[in-house]
Amino acid sequence: MSAPPWWSATSPAEAELACGGKTHTVRWERGGLVLAGHDDVEAERALGALGASPPACLVLRERWERHAGDVALLTLGRRPGEASLGCAEDVRLTSTTRRAELLALLALPAPMIDRLVMTAAAQAADRWADDGFRQAHGLRLGAALKARATPALRRLGEGLVPGAEVVVECRPTGPGEPPEIVAEHRPPDPAVHVDATLPLEWLASVWGPGISEPDGRVVLQVVDGDDDTFTVDLASWEATAPDRWRVVAERATLTRSLGRWST
Amino acid sequence: MSRRGEAHLWLLLEESLADAKRAEGAVWPAQRNFRSVVEALVAAGSVPAAVGDAIADELDDTLAVRGLVSTGAFRGRAFPAEEAVAAEGGSAAAASTWFEAEVDRHLDLLADFDVSLRPDAGADALRILGGPVRAFEAAGVVGSTRHLLADLAASLASAGFDVGPLVGGEERKAWVAFLRDQPRSLVTAEPEQFREVRQPIGEVEGRTVAVTSVAWSPALLQLRTTVRSPSGIGIEDGSRWSARAVDDGGRLHLGQPTMAMSDGGSAAIFRLRPGFVTPPAQLDVTITRGGSSATATVGL
Numbered sequence: 002m003s004a005p006p007w008w009s010a011t012s013p014a015e016a017e018l019a020c021g022g023k024t025h026t027v028r029w030e031r032g033g034l035v036l037a038g039h040d041d042v043e044a045e046r047a048l049g050a051l052g053a054s055p056p057a058c059l060v061l062r063e064r065w066e067r068h069a070g071d072v073a074l075l076t077l078g079r080r081p082g083e084a085s086l087g088c089a090e091d092v093r094l095t096s097t098t099r100r101a102e103l104l105a106l107l108a109l110p111a112p113m114i115d116r117l118v119m120t121a122a123a124q125a126a127d128r129w130a131d132d133g134f135r136q137a138h139g140l141r142l143g144a145a146l147k148a149r150a151t152p153a154l155r156r157l158g159e160g161l162v163p164g165a166e167v168v169v170e171c172r173p174t175g176p177g178e179p180p181e182i183v184a185e186h187r188p189p190d191p192a193v194h195v196d197a198t199l200p201l202e203w204l205a206s207v208w209g210p211g212i213s214e215p216d217g218r219v220v221l222q223v224v225d226g227d228d229d230t231f232t233v234d235l236a237s238w239e240a241t242a243p244d245r246w247r248v249v250a251e252r253a254t255l256t257r258s259l260g261r262w263s264t
Numbered sequence: 017m018s019r020r021g022e023a024h025l026w027l028l029l030e031e032s033l034a035d036a037k038r039a040e041g042a043v044w045p046a047q048r049n050f051r052s053v054v055e056a057l058v059a060a061g062s063v064p065a066a067v068g069d070a071i072a073d074e075l076d077d078t079l080a081v082r083g084l085v086s087t088g089a090f091r092g093r094a095f096p097a098e099e100a101v102a103a104e105g106g107s108a109a110a111a112s113t114w115f116e117a118e119v120d121r122h123l124d125l126l127a128d129f130d131v132s133l134r135p136d137a138g139a140d141a142l143r144i145l146g147g148p149v150r151a152f153e154a155a156g157v158v159g160s161t162r163h164l165l166a167d168l169a170a171s172l173a174s175a176g177f178d179v180g181p182l183v184g185g186e187e188r189k190a191w192v193a194f195l196r197d198q199p200r201s202l203v204t205a206e207p208e209q210f211r212e213v214r215q216p217i218g219e220v221e222g223r224t225v226a227v228t229s230v231a232w233s234p235a236l237l238q239l240r241t242t243v244r245s246p247s248g249i250g251i252e253d254g255s256r257w258s259a260r261a262v263d264d265g266g267r268l269h270l271g272q273p274t275m276a277m278s279d280g281g282s283a284a285i286f287r288l289r290p291g292f293v294t295p296p297a298q299l300d301v302t303i304t305r306g307g308s309s310a311t312a313t314v315g316l
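Those protein sequence lines, which keep their order, are chains A and B.
Read in our numbering, the first sequence has 218 at position 217, and its numbers run on one by one without any break.
Read in our numbering, the second sequence has 215 at position 199, and its numbers run on one by one without any break.
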């Protein structure tokens with residue numbers, strides 16, 4: 002059994018773009034952009050190479066692909082509880098500075114921005130085994146993971162000691178390591194301390210598509226599946242000593258019905 | 017190699033973003049506090065300046081994407097990853113030096129408040145200064161900053177400011193006297209007396225600093241200095257310099273780092289308050305830039 006592609010649980014999204022005097026639809030699905038108004042993208046790209054002005058849709062896709070591995074998108078992207086984000090500027094595709102290119106992408110509809118950010122998260126996860134990449138960007142990515150996982154981990158820890166504050170530490174696992182979550186209550190400190198390591202993949206394959214807490218349970222990782230049915234590992238507490246716990250994985254089936262995920 | 021300072025900044029960015037969202041419109045305190053922590057960690061040598069500035073810009077970018085600041089604030093700079101990887105651990109002594117100058121700056125600002133009208137101004141100052149102290153602790157360059165903050169809280173309380181519960185700390189008489197005196201603002205003050213001196217102060221961030229003249233009036237103490245680097249130009253960035261003087265009666269003279277740069281960037285004027293009517297026999301002058309300072313006695 003191998004984990005499905007990161008985008009498996011993420012629904013398609015669309016944006017409309019003025020292109021060649023018409024309004025075209027740019028669609029994100031299965032991890033990439035599909036240009037609905039262009040039958041022969043390669044031919045149009047070849048014309049562009051010969052000096053013709055490239056269509057706006059092609060320019061957008063080129064920029065998407067150029068920035069889809071940009072770790073800065075994890076800092077810019079949505080956090081838990083944020084309904085939307087994006088710049089109010091018109092999409093300007095003429096300028097080629099990094100600033101202008103990012104602004105153009107961040108002026109897309111919020112669901113498209115989310116998918117761009119998830120793509121960046123997935124590419125970062127793919128490169129996580131590279132020592133140089135981890136050295137250069139690990140601190141940023143660790144903070145990005147913590148910001149997004151903390152609310153779910155806090156809720157996970159809330160039931161351990163009724164009424165106790167829950168303090169969460171979270172960082173990425175090392176390359177290839179499984180997730181690990183432990184909790185401890187150390188009186189007289191009234192707080193419960195949850196210490197978690199999660200794979201960086203969690204951002205793109207679990208948090209991004211909105212399956213991190215189906216029915217109030219925390220999903221650790223997606224194990225298998227496609228479309229509307231997935232096998233996942235759910236977090237379940239097991240006491241290891243008085244006032245100490247660790248999470249064990251409980252395998253479950255997750256299904257989507259009417260846009261809602263449940264176990 | 018330690019990158020605890022950078023790690024703290026990335027986590028603080030998340031807190032600052034949450035603060036800015038809660039503030040709904042008044043986001044500048046979150047930006048200001050973040051910049052203050054960046055400046056502190058850069059001064060302590062815990063974070064390279066290029067890295068600190070880049071993360072501060074990314075906070076602005078993150079706010080712009082949410083419409084909390086204008087899109088014009090979006091910079092979209094590439095992150096200097098190579099400089100981040102090459103970062104060193106920092107220095108507790110430099111952290112203390114920067115923090116002491118920052119305490120001076122806040123004392124100078126607080127002296128403009130009427131404590132009976134704004135007793136909460138003390139708590140605001142402590143909250144702002146608490147950010148750098150936590151950052152130094154996270155970066156492992158604590159030095160004397162926690163003690164200085166506790167002493168400041170005790171001194172502010174003694175001067176009548178509402179600072180909440182105290183956690184140790186000793187009142188510093190010179191600070192309390194400075195606040196209670198409420199020395200006049202220097203907006204229109206001009207020196208009346210002048211004395212030429214030639215007193216080297218020392219090395220500050222590789223620059224040789226000397227006081228060349230002292231001028232004063234009852235409101236103002238003005239120090240004219242030369243600041244020379246091997247390149248000749250010592251003052252490129254006036255905002256990061258500050259000066260403090262303690263006279264032989266133990267009286268404190270503080271000033272915002274407002275300086276007139278002249279002589280091709282090799283001279284600067286520091287304006288401190290209060291001044292004096294009769295000049296003291298000597299002044300202990302401290303000149304600070306970032307995490308580096310030098311002190312010397314200037315005889316009058």
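One or more hints might be untrue.
[Said to hold, decoys possible] Not everything, but these chain A residues come out facing chain B in the computed CB check (under 8 Å):
| hint | residue |
| --- | --- |
| 1 | His25 |
| 2 | Thr26 |
| 3 | Leu34 |
| 4 | Val35 |
| 5 | Ala89 |
| 6 | Ala137 |
| 7 | Leu140 |
| 8 | Arg141 |
| 9 | Ala144 |
| 10 | Val224 |
| 11 | Arg245 |
| 12 | Arg247 |
| 13 | Val249 |
No wet-lab data here; the hints were simulated from the structure.
Don't be surprised by glycine CBs; every beta carbon is placed ideally from N, CA and C.
Is the interface hint for Arg247/A satisfied, with its Cβ closer than 8 Å to some Cβ of chain B?
At about 25 Å, which exceeds the 8 Å cut-off, the nearest Cβ of chain B leaves the hint on Arg247/A violated.
Given Val224/A was flagged as interface, is its beta-carbon under 8 Å from a beta-carbon of chain B?
violated, 29 Å
Does the nearest C-beta of chain B fall within a distance shorter than 8 Å of the C-beta of Ala89/A?
holds, 6 Å
For the hint on Thr26/A, just tell me whether its beta-carbon gets within less than 8 Å of chain B.
This interface hint is violated because 24 Å lies over the 8 Å limit.
Is the shortest C-beta separation between Arg245/A and chain B less than 8 Å?
Violated, about 26 Å.
Against chain B, run the beta carbon of Ala144/A and see if the smallest gap drops under 8 Å.
holds, 4 Å
When the least beta-carbon distance from Leu140/A to chain B is tested against 8 Å, hint result:
holds, 5 Å
Can the hint on His25/A be confirmed by a CB-to-CB distance to chain B that is less than 8 Å?
Since chain B brings no Cβ nearer than about 25 Å to His25/A, farther than 8 Å, the hint is violated.
Does the nearest C-beta of chain B fall within a distance shorter than 8 Å of the C-beta of Ala137/A?
holds, 4 Å
Agreement of hint Val35/A with chain B interface, Cβ distance less than 8 Å
violated, 25 Å
Holds or violated: is there a CB of chain B closer than 8 Å to the CB of Arg141/A?
holds, 5 Å
Do the numbers back the hint for Val249/A, that is, is its least Cβ distance to chain B under 8 Å?
violated, 28 Å
Hint compliance for this structure: hints 1, 2, 3, 4, 10, 11, 12 and 13 are not met, and every other hint is.
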